[in-house]
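Taken in order, these protein sequences are the chains called R and H. Number 478 in the working numbering belongs to position 478 of the first sequence; there are no gaps in the numbering. Number 372 in the working numbering belongs to position 372 of the second sequence; there are no gaps in the numbering.
Think of the hints as simulated: they come from the structure by calculation, not from any bench. Errors might be hidden in some of the hints.
As the list makes no split between identical chains, a pair holds if one copy fits it or if it spans any two.
In silico SDA-like links for lysine to any residue, alpha-carbon gap of 20 Å or less [to be verified]:
#1 Lys-122 x Glu-16
#2 Lys-242 x Pro-191
#3 Lys-122 x Gln-133
#4 Lys-126 x Ser-225
#5 Lys-90 x Leu-330
#6 Lys-242 x Val-86
#7 Lys-89 x Thr-314
#8 Lys-122 x Leu-19
#9 Lys-90 x Gln-129
#10 Lys-421 x Asp-213
#11 Lys-134 x Ser-225
#12 Lys-126 x Ser-138
#13 Lys-126 x Asp-274
#14 Lys-80 x Ile-365
#15 Lys-80 x Glu-473
#16 Lys-90 x Ser-119
#17 Lys-134 x Ile-75
#18 Lys-122 x Val-137
#19 Lys-134 x Arg-374
#20 Lys-89 x Thr-390
#21 Lys-89 x Leu-330
#22 Lys-90 x Asp-331
#23 Lys-80 x Ser-435
#24 Lys-421 x Gln-456
There are 2 protein chains.
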Amino acid sequence: MTRYQLLATLLTQRIEQGLYQSGERLPSVRALSQEHGVSISTVQQAYYLLEQQQLIVPLPRSGYFVRSGKTQPPIPAMSKPVQRPVEVKKWGAVLELVNARLDPETISLGSSVPDLTQSTLKPLWKQLQRIGQKQLVSAFTYDNLAGVPVLREQIARLMVDSGCQLSADEIVVTTGCTEALAVAVRALAHPGDIIAVESPVFHGILQILCGLDIKVIEIPTDFTSGINLEALELALDQWPIKAVITVPHCNNPLGFIMPLQRKRALLTLAQRYDIAIIEDDVYGELAYEYPRPATLKSMDTEGRVLLCSSFSKTLAPGLRVGWLAPGRYLDRALHMKYTSTGSSAVCTQLAVAEFIRQGHYQPHIRRMRGIYQRNLERFTCWVRRYFPDTICVSRPQGGFVLWVEMPESFDGVQLSQTLRKDKIHVAGGALFSASGKYRHGLRLSFAMPMTPHIEQTIATIGAAVEQTLVKREGEAAV
Amino acid sequence: MTRYQLLATLLTQRIEQGLYQSGERLPSVRALSQEHGVSISTVQQAYYLLEQQQLIVPLPRSGYFVRSGKTQPPIPAMSKPVQRPVEVKKWGAVLELVNARLDPETISLGSSVPDLTQSTLKPLWKQLQRIGQKQLVSAFTYDNLAGVPVLREQIARLMVDSGCQLSADEIVVTTGCTEALAVAVRALAHPGDIIAVESPVFHGILQILCGLDIKVIEIPTDFTSGINLEALELALDQWPIKAVITVPHCNNPLGFIMPLQRKRALLTLAQRYDIAIIEDDVYGELAYEYPRPATLKSMDTEGRVLLCSSFSKTLAPGLRVGWLAPGRYLDRALHMKYTSTGSSAVCTQLAVAEFIRQGHYQPHIRRMRGIYQRNLERFTCWVRRYFPDTICVSRPQGGFVLWVEMPESFDGVQLSQTLRKDKIHVAGGALFSASGKYRHGLRLSFAMPMTPHIEQTIATIGAAVEQTLVKREGEAAV
């Protein structure tokens with residue numbers, strides 16, 4: 001990058017972060033030249049670039065001003081899914097999404113893979129090296145069915161931050177959060193049973209239920225406060241629902257954190273109808289607020305909450321180290337774990353345990369929280385800039401996925417076909433419903449470094465969205 | 001060990017290996033003294049020890065003779081399980097077995113954990129070290145749902161030895177053979193369906209079926225040739241059986257290798273009744289014969305065989321690297337894999353792939369085959385020596401488990417309680433049946449180095465068996 005480009009980037013960031021507000025006067029050319037120790041012409045070139053990007057406007061004899069930008073798009077309205085139990089399908093589309101992340105030439109905004117480039121992860125590789133060097137026989141033999149004890153102790157310690165007072169014996173290590181969820185569901189429900197979920201809901205949860213022949217009922221969900229409790233209560237009155245699965249913190253795909261009193265109310269409702277709650281907390285540690293929100297599990301005195309989590313979003317998904325705190329379903333969960341994979345790979349468990357024990361976990365999480373929050377600012381700015389004005393976007397309070405909703409007429413399937421030619425992959429909203437909703441939605445991941453290439457990608461997606469909408473309107477007019 | 005003990009051990013081995021046959025004259029004291037360069041009194045002490053152990057008898061003026069030992073115990077008769085579908089239970093007893101292997105003070109002959117002490121495994125640790133050293137990002141990210149491509153290529157190459165011509169795309173890597181089996185069953189069957197199994201059958205298979213609410217029908221099984229095909233055909237006529245699960249090579253728990261023509265006949269039967277075959281080949285590479293036997297999969301032209309295997313018995317169970325070659329059920333198997341664990345841990349997959357690619361696999365397997373075969377000789381010798389004459393034992397043709405059957409009146413549950421006080425754990429035969437059979441059976445593992453401590457353990461078990469039988473007879477007499 002040349003000097004003027006660097007300066008332009010810096011100014012863009014300041015504008016995007018609101019340091020210079022819409023309509024505000026920017027510093028004079030002379031002032032900037034002095035501030036940054038660059039020539040007058042460098043500043044002029046930078047301003048010219050920003051002018052071309054329609055970020056600023058020059059006013060004769062007054063200087064440069066921040067262009068009155070688009071306003072923040074609204075938050076989508078509460079979802080309105082189909083209010084009856086349905087069977088899950090759509091495996092083909094999910095498999096396509098899963099495979100898309102493997103093509104090195106495709107930019108995948110569809111998968112939620114964390115940023116693995118940070119130096120704070122390095123001690124984890126060192127632990128693998130140490131296991132190999134010391135030829136630890138313990139890494140090669142069967143371990144405890146519930147997971148390596150040293151890891152379960154460290155997990156129990158971490159969980160104190162979310163308000164949980166658990167012993168290592170109450171935790172079962174799993175092969176990723178997927179196995180935690182699958183084991184939790186199998187501990188509770190049988191084929192044909194009904195489980196309630198948020199709507200939209202993480203497609204992996206839908207597929208797990210599909211694989212176990214369990215029906216889902218999607219409950220209307222608010223984009224800032226989570227699952228609608230009145231709607232859930234109506235559903236509980238009407239159907240023999242076995243459990244509810246919720247992602248209350250940094251929800252995937254909506255990003256909300258469920259307010260404390262609503263979590264309490266959900267627990268009360270579960271008690272009243274005597275159902276279990278499966279709490280997926282896999283993004284919980286990535287809440288931008290500090291301290292992180294308290295889990296439903298931490299408020300549960302009856303053991304009816306089965307907490308599922310993993311290190312896949314906080315450390316690295318390839319480790320496949322997750323866990324389940326199954327409450328009063330412990331015996332049954334252990335049985336299901338035995339019949340699912342026996343035990344989980346040992347060396348990754350040992351590496352993670354030592355990584356945490358040596359104090360590397362918290363600094364890494366602090367850094368990642370900050371990075372994802374800054375990424376979100378840049379990312380939503382670009383979405384605002386390059387997408388049509390008619391969109392709504394979620395307001396993530398943690399994690400690294402954004403939900404974008406186009407007008408109802410929008411066809412997400414068509415969009416992803418268009419984008420495939422450009423080697424861009426996004427997660428179409430239809431994946432997040434079992435009842436055929438959200439074709440007009442998109443989930444975009446913003447975990448990767450926010451490079452100009454990503455900005456270009458957003459611009460391409462935005463243009464494709466615009467085109468799809470225009471085409472639709474044209475067709476409607478005909 | 002002193003000199004005379006060493007010599008005694010050597011002579012014992014020669015007798016056990018049949019170098020000195022029953023009734024044969026042993027070398028003179030003088031000849032042995034010269035052969036081994038030890039004193040006359042050392043040889044005399046060694047012979048005295050063997051005399052005490054009732055292995056040899058002195059005949060005045062003629063020297064020492066090998067005592068006409070017990071003859072080899074007979075092979076158990078064909079099993080006679082209950083001939084109707086039943087539900088699986090017994091999780092409590094299996095959990096106890098699984099936990100017993102964790103107590104460092106308990107000698108577990110009940111678990112089938114391979115010998116992890118051999119130097120030929122060292123390159124595998126080196127691979128883990130390399131991954132850590134090179135900070136391979138690929139080890140930390142999500143990989144292909146079907147498993148790391150380089151590993152699948154190496155597995156496809158290995159499978160050529162068992163007669164299979166598969167491409168990497170036809171293989172799905174799993175978290176151990178347990179997940180391979182569970183995914184295979186879920187790809188084929190639904191709750192309430194019936195699956196046929198050998199009898200006795202590996203308790204893990206029973207528990208997997210239990211976890212999926214699938215009923216089993218146990219088929220009579222011959223101790224040298226495997227599942228009885230006439231009995232299987234009768235069952236197929238009578239019940240809507242979805243699939244048969246078989247462990248045709250180095251069967252767990254019986255040790256047989258199914259003869260080629262019987263494997264062909266099983267496949268023909270499966271075709272005729274249009275059922276699938278789940279072939280568990282996890283011990284197949286440990287057949288004592290060379291080349292290793294051909295899999296059912298290799299003879300299958302219709303994709304109806306789902307081959308399940310892993311590196312848990314050949315390399316190390318803690319890796320949790322298994323695989324499934326699901327034939328025509330590939331799509332459904334991938335779906336079930338996704339809903340079970342997503343993908344499997346990456347670093348162990350990469351380590352195994354490189355271990356094979358560098359040529360370390362075959363030498364290791366050759367060594368382990370030899371070790372287990374020699375272990376078996378020592379082990380059965382000890383069982384013959386220390387167990388009552390009334391037992392029957394299996395004739396393993398590979399792997400490292402032995403099946404021992406006591407008279408029908410024998411109570412294996414009582415035995416394991418007695419042995420628990422001695423910190424010895426064995427797998428009671430009752431675990432290997434869903435219909436309450438084989439209380440008089442035991443499965444013993446002989447993977448560990450055959451030390452005097454193991455001999456002592458066999459002696460303790462043998463004495464406990466004797467005592468239980470005597471007590472029973474006493475009770476019966478009263």
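Tested hints:
{"no.": "1", "hint": "Lys-122 x Glu-16", "in the structure": "neither (32 Å within a copy, 55 Å between copies)"}
{"no.": "2", "hint": "Lys-242 x Pro-191", "in the structure": "both (11 Å within a copy, 18 Å between copies)"}
{"no.": "3", "hint": "Lys-122 x Gln-133", "in the structure": "both (17 Å within a copy, 10 Å between copies)"}
{"no.": "4", "hint": "Lys-126 x Ser-225", "in the structure": "neither (41 Å within a copy, 50 Å between copies)"}
{"no.": "5", "hint": "Lys-90 x Leu-330", "in the structure": "between (32 Å within a copy, 17 Å between copies)"}
{"no.": "6", "hint": "Lys-242 x Val-86", "in the structure": "within (14 Å within a copy, 27 Å between copies)"}
{"no.": "7", "hint": "Lys-89 x Thr-314", "in the structure": "neither (29 Å within a copy, 39 Å between copies)"}
{"no.": "8", "hint": "Lys-122 x Leu-19", "in the structure": "neither (34 Å within a copy, 58 Å between copies)"}
{"no.": "9", "hint": "Lys-90 x Gln-129", "in the structure": "neither (41 Å within a copy, 41 Å between copies)"}
{"no.": "10", "hint": "Lys-421 x Asp-213", "in the structure": "neither (35 Å within a copy, 45 Å between copies)"}
{"no.": "11", "hint": "Lys-134 x Ser-225", "in the structure": "neither (49 Å within a copy, 44 Å between copies)"}
{"no.": "12", "hint": "Lys-126 x Ser-138", "in the structure": "both (17 Å within a copy, 15 Å between copies)"}
{"no.": "13", "hint": "Lys-126 x Asp-274", "in the structure": "neither (47 Å within a copy, 52 Å between copies)"}
{"no.": "14", "hint": "Lys-80 x Ile-365", "in the structure": "neither (35 Å within a copy, 59 Å between copies)"}
{"no.": "15", "hint": "Lys-80 x Glu-473", "in the structure": "neither (24 Å within a copy, 74 Å between copies)"}
{"no.": "16", "hint": "Lys-90 x Ser-119", "in the structure": "neither (38 Å within a copy, 49 Å between copies)"}
{"no.": "17", "hint": "Lys-134 x Ile-75", "in the structure": "neither (54 Å within a copy, 44 Å between copies)"}
{"no.": "18", "hint": "Lys-122 x Val-137", "in the structure": "between (24 Å within a copy, 10 Å between copies)"}
{"no.": "19", "hint": "Lys-134 x Arg-374", "in the structure": "neither (40 Å within a copy, 29 Å between copies)"}
{"no.": "20", "hint": "Lys-89 x Thr-390", "in the structure": "neither (30 Å within a copy, 58 Å between copies)"}
{"no.": "21", "hint": "Lys-89 x Leu-330", "in the structure": "between (30 Å within a copy, 17 Å between copies)"}
{"no.": "22", "hint": "Lys-90 x Asp-331", "in the structure": "between (33 Å within a copy, 13 Å between copies)"}
{"no.": "23", "hint": "Lys-80 x Ser-435", "in the structure": "within (11 Å within a copy, 51 Å between copies)"}
{"no.": "24", "hint": "Lys-421 x Gln-456", "in the structure": "within (15 Å within a copy, 71 Å between copies)"}
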